[in-house]
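Undergrad: Chains as they are written, first to last, in my numbering: chain E, 20 to 473; chain D, 1192 to 1667.
I should point out that these hints are in silico values taken from the structure, not numbers from a laboratory.
It is possible that some hints are incorrect.
With a Cα cut of at most 30 Å, we get these calculated BS3-like pairs of lysine-lysine [stated by the list, open to error]: (1) D:Lys1509 - E:Lys228; (2) E:Lys120 - D:Lys1343; (3) D:Lys1569 - E:Lys223; (4) D:Lys1343 - E:Lys471; (5) E:Lys191 - D:Lys1509; (6) D:Lys1463 - D:Lys1228; (7) D:Lys1463 - E:Lys471; (8) E:Lys418 - D:Lys1443; (9) E:Lys395 - E:Lys444; (10) D:Lys1342 - E:Lys370; (11) D:Lys1575 - D:Lys1630; (12) D:Lys1228 - E:Lys370; (13) E:Lys187 - D:Lys1359; (14) D:Lys1339 - D:Lys1283; (15) D:Lys1342 - E:Lys387; (16) E:Lys223 - D:Lys1359; (17) D:Lys1509 - E:Lys187; (18) E:Lys207 - E:Lys276; (19) D:Lys1615 - D:Lys1509; (20) E:Lys207 - D:Lys1359; (21) E:Lys370 - D:Lys1463; (22) D:Lys1342 - E:Lys471; (23) E:Lys471 - E:Lys386; (24) E:Lys370 - D:Lys1343; (25) D:Lys1463 - E:Lys228; (26) D:Lys1509 - E:Lys387; (27) D:Lys1359 - E:Lys471; (28) D:Lys1569 - E:Lys120; (29) E:Lys311 - E:Lys284; (30) D:Lys1359 - E:Lys191; (31) D:Lys1463 - E:Lys387; (32) D:Lys1463 - E:Lys191; (33) D:Lys1575 - E:Lys386; (34) E:Lys418 - D:Lys1228; (35) E:Lys223 - D:Lys1509.
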Amino acid sequence: MRSNSPEVPDEQRKLTRPAMRLMLKLTQGTALLFCSFTVLATPQIQTWQTGNGAKVLFVPAAEIPMLDVRIVFDAGSARDAGLSGLSLLTNGLLAEGAAGKNSQQIAEAFESVGAQIEYDAARDMAVVGVRSLTESRYLSVAIESLQQVLTQPDFPPVAYQRELNRMKIAVKARQQSPSALASVAFNKAVFGTHPYASPISGSKESLEKMTLEDVRAFYQQYYVASNATVVIVGNVEREQAEAIVKTLVSALPVGEKPAALPAVKPLTEAKKIVIDYPSAQTHIFVGQPGVKRGDQDYFSLYVGNHPFGGSGFTSRLVDVIREENALAYSVYSYFSPLRELGPFAMGMQTKTEQTEQALTLLDQQLKKYVEQGPEKDELAASKSNITGGFPLNIDSNGKLLEYIAMIGFYDLPIDYLDHFIDNIKAVDVDMINDALKRRVHPDRMVTVVVGKQQ
Amino acid sequence: MKMKSIVGLLVISTLVLGGVLYHSKEPVPESSDEAVKSYQLSNGMKILVIENHRAPVMVSQIWYKVGASYEHDGITGVSHVLEHMMFKGTEKHPAGEFSEIIAANGGEENAFTGQDYTAYFQKIANDRLELCLELEADRMRNIIFDEKEFKKELEVVKEERRLRTDDKPSALTYERFKAVAFTNSPYRRPIVGWMEDLETLTVDDARVWYETWYAPNNATLVVAGDVLAEDVIRLAKQYFGQLPMSKIPELKSRHEAKQYGTQRLSVELPAKIPYLIMGFKAPNLTSEIVGTEQEQELYALEVLAGVLDGGDSARLSKNLVRGQEIANSASASYGMSARHETLFVLSAVPNEEVAIEVLEFALREEINTIKLQLPDDKELDRVKAQVVAAQVYKQDSTFYQAMEVGMLDTIGLPWHIKDEYVEKILAVTAQQVQQVANKYLTDDRLTVAVLEPLPIESNVAENTNAAVSAGEQNAQ
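Let the sequences and hints guide you as you build the complete structure.
TA: Here's what the structure looks like:
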């Protein structure tokens, strides 16, 4: 395969950055360059609030007899408060015992109707949800089971101990993955004392310290209605959607929205972290704190990153590192926006003997780009790619759900999708240059290198 | 969820094999109209269209009947290296231009190589089909094989191999497991190729491979999305219709040699977590057995995999992850869609302090239980309910639907069998599940591989004072 998809530093997966995951390609001048879509109907998001304060976003989609519902809480690892891994463990225990049913009974309930439960915790978000058929005899079972998992988890000690042990093995497994070692070290160095610095899946020490009481307390504090965003996409009418939401969350206590996260501090100097590891390749991350959701520079930086390392095969990094010098299979850069400043990261892996050469090229490219910004035609190509490719990002229920969850959770404008293309089009070279110079500091980067040291 | 559809398992297991199948994400399913319209050009090229007017987008895929299983020792990996070379340009569209044009038009494009196929795709606005076909037709016949470009790309491929296999203990173990499990089947070779073979691969190897297999009469175009079949066919005729046919070599039929007793291997390398793989040789679906009684065995094997690992309520999770609490994770998989005999694979990661022998014994016990006691109806119903639901969920992805028919057609199966998949799964009985367990999960079909971790020599040196900035240091 020829893909150049990024190895995401740290375990933040699908949840946090739908828009940033566009690994598209851009271009130079061809006759076809500025063709854009005729008329794109963006889905209209309906929104309301439940009696106990949960925010709801709903998009009806009648084409397929299925429904996706997801409840998002501000209960990701940013809320671990020193007990790294607590958010993920709490989330993972919801379906391990609820309303008096054990793990087996819960799994059987979902699977007997072909429903797929989802649960995950990332930096900012913790989610619980289900994909189900909409035929009522199936849907009712799926929603009832989800309601139990969400509002009546029992946290049985047996399940707690088992899942804790499984997490310890996952932590141990990081020690045999140079990319995992690199990403953990990268986040630690970039975020310092900020909660974003700790691994989502915990550390050996934090997991030793954890107790079942910590899990219960975490659940009680964060899995509350005023901290919940409910997202629904699928083949139901508004009235039915309201009933489903009511069933799901009305038993959640109102609770409180958690306090704002501390701001991420900028780096004051360059740091280099070297980890000796007996791998064939050296894994490299270079980066710094980047951008937030809703940030005034978001579109400038997103579009600005695109021709640099965000557009795959038409990006400068791929061109120089992979195509010209054959130093890596995968090389990229991205901004991963979070509630507070998420990482700006450049990543690649190269045969160990080539490490210095690859690092030098990466550094030169970054300096040059921050100094000079994109060429006009590069920018035009990027904008054309992003706007032209936008319909691909909302062409399925699954993708819509991701987008809408992001919009709801981060309190972005409800018409975010309607204005996305205009926001991209509005970015010009000057805005990018200005944002890059203010926000990206090549002389104050964290560099992480994991590989064989001579 | 292990059982998605007829090709779902293949996708998953190919990923497990450390294969070269693209994408880290599971294919997201998308079309409500299941009808596939087919057509053949006079030069033998096949065209399959799935109309789905949900969103103004489409996916275009070209599938070639060639992949790692077509290779022979000494040139392993050539199909995949050729896939990379397909982006190196033609006279008409020099290197990089293909990607640039697709990107300028808001599209995404990539390619993937499997055991039995090589495929190229674009996801793009529905009014850009002509552009995709023009570019694909051009590179089907006109790729430039420049030695310098080839050598560079080969280095990229080696980096890919290091990334995906060499530095991943479980992927490396799986590669060696397959090399032992199969005696003479081409599936014993890795898709990405042995590093030793990559070292000696030449631009001529790639060119010969291209000239041998890349021709309209060895390719299938699949287009799915907001398009009209008549437009697709018209444009396909326009761009591919003039391409000359090739004489495609006839492959000899290959059959895996008989195995005598259980085969074992241990893979010792720096790692932290042991890993166990148990693979039983199992039949693949061929066009000859479609519609016969023998075919039902394969569906029974799929249901058997579901009984063991069709979700969190299935036996491996229930008994080994929970229950005895000896496995950190455990899985079972089987995929019938392959050109050659395949594997029914169980794999597991032990919990702390659990000996690998204990885990192997427990997996064998699970198999023995099925051999001796009929699985109960509720269990089978759960497996089947998930298959029925997955069939609906897959409508959420046009890409996946295109992939399903493209893959079936390319491995030589009638693509309409995908429509019978659910029905055939639903027809499987508890007795059949027990019968196939007894017939196929036997010691003389078994290969057991164990990853035995050696110590990792490493230490962490952290220079937080950073008197010298990373940038300055690099510039020296």
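Undergrad: Please go over all the hints and tell whether each is borne out by the structure.
TA: Outcome of the hint check:
no.: 1; hint: D:Lys1509 - E:Lys228; in the structure: holds (28 Å)
no.: 2; hint: E:Lys120 - D:Lys1343; in the structure: violated (58 Å)
no.: 3; hint: D:Lys1569 - E:Lys223; in the structure: violated (40 Å)
no.: 4; hint: D:Lys1343 - E:Lys471; in the structure: holds (23 Å)
no.: 5; hint: E:Lys191 - D:Lys1509; in the structure: holds (24 Å)
no.: 6; hint: D:Lys1463 - D:Lys1228; in the structure: violated (51 Å)
no.: 7; hint: D:Lys1463 - E:Lys471; in the structure: holds (17 Å)
no.: 8; hint: E:Lys418 - D:Lys1443; in the structure: violated (44 Å)
no.: 9; hint: E:Lys395 - E:Lys444; in the structure: holds (13 Å)
no.: 10; hint: D:Lys1342 - E:Lys370; in the structure: holds (16 Å)
no.: 11; hint: D:Lys1575 - D:Lys1630; in the structure: holds (22 Å)
no.: 12; hint: D:Lys1228 - E:Lys370; in the structure: violated (47 Å)
no.: 13; hint: E:Lys187 - D:Lys1359; in the structure: holds (19 Å)
no.: 14; hint: D:Lys1339 - D:Lys1283; in the structure: holds (19 Å)
no.: 15; hint: D:Lys1342 - E:Lys387; in the structure: holds (28 Å)
no.: 16; hint: E:Lys223 - D:Lys1359; in the structure: holds (22 Å)
no.: 17; hint: D:Lys1509 - E:Lys187; in the structure: holds (20 Å)
no.: 18; hint: E:Lys207 - E:Lys276; in the structure: holds (27 Å)
no.: 19; hint: D:Lys1615 - D:Lys1509; in the structure: holds (26 Å)
no.: 20; hint: E:Lys207 - D:Lys1359; in the structure: holds (23 Å)
no.: 21; hint: E:Lys370 - D:Lys1463; in the structure: holds (22 Å)
no.: 22; hint: D:Lys1342 - E:Lys471; in the structure: holds (25 Å)
no.: 23; hint: E:Lys471 - E:Lys386; in the structure: holds (27 Å)
no.: 24; hint: E:Lys370 - D:Lys1343; in the structure: holds (14 Å)
no.: 25; hint: D:Lys1463 - E:Lys228; in the structure: holds (22 Å)
no.: 26; hint: D:Lys1509 - E:Lys387; in the structure: violated (56 Å)
no.: 27; hint: D:Lys1359 - E:Lys471; in the structure: holds (15 Å)
no.: 28; hint: D:Lys1569 - E:Lys120; in the structure: holds (18 Å)
no.: 29; hint: E:Lys311 - E:Lys284; in the structure: holds (13 Å)
no.: 30; hint: D:Lys1359 - E:Lys191; in the structure: holds (14 Å)
no.: 31; hint: D:Lys1463 - E:Lys387; in the structure: violated (41 Å)
no.: 32; hint: D:Lys1463 - E:Lys191; in the structure: holds (7 Å)
no.: 33; hint: D:Lys1575 - E:Lys386; in the structure: violated (57 Å)
no.: 34; hint: E:Lys418 - D:Lys1228; in the structure: holds (27 Å)
no.: 35; hint: E:Lys223 - D:Lys1509; in the structure: holds (27 Å)
This entry does not satisfy hints 2, 3, 6, 8, 12, 26, 31 and 33, going by the numbered hints stated previously.
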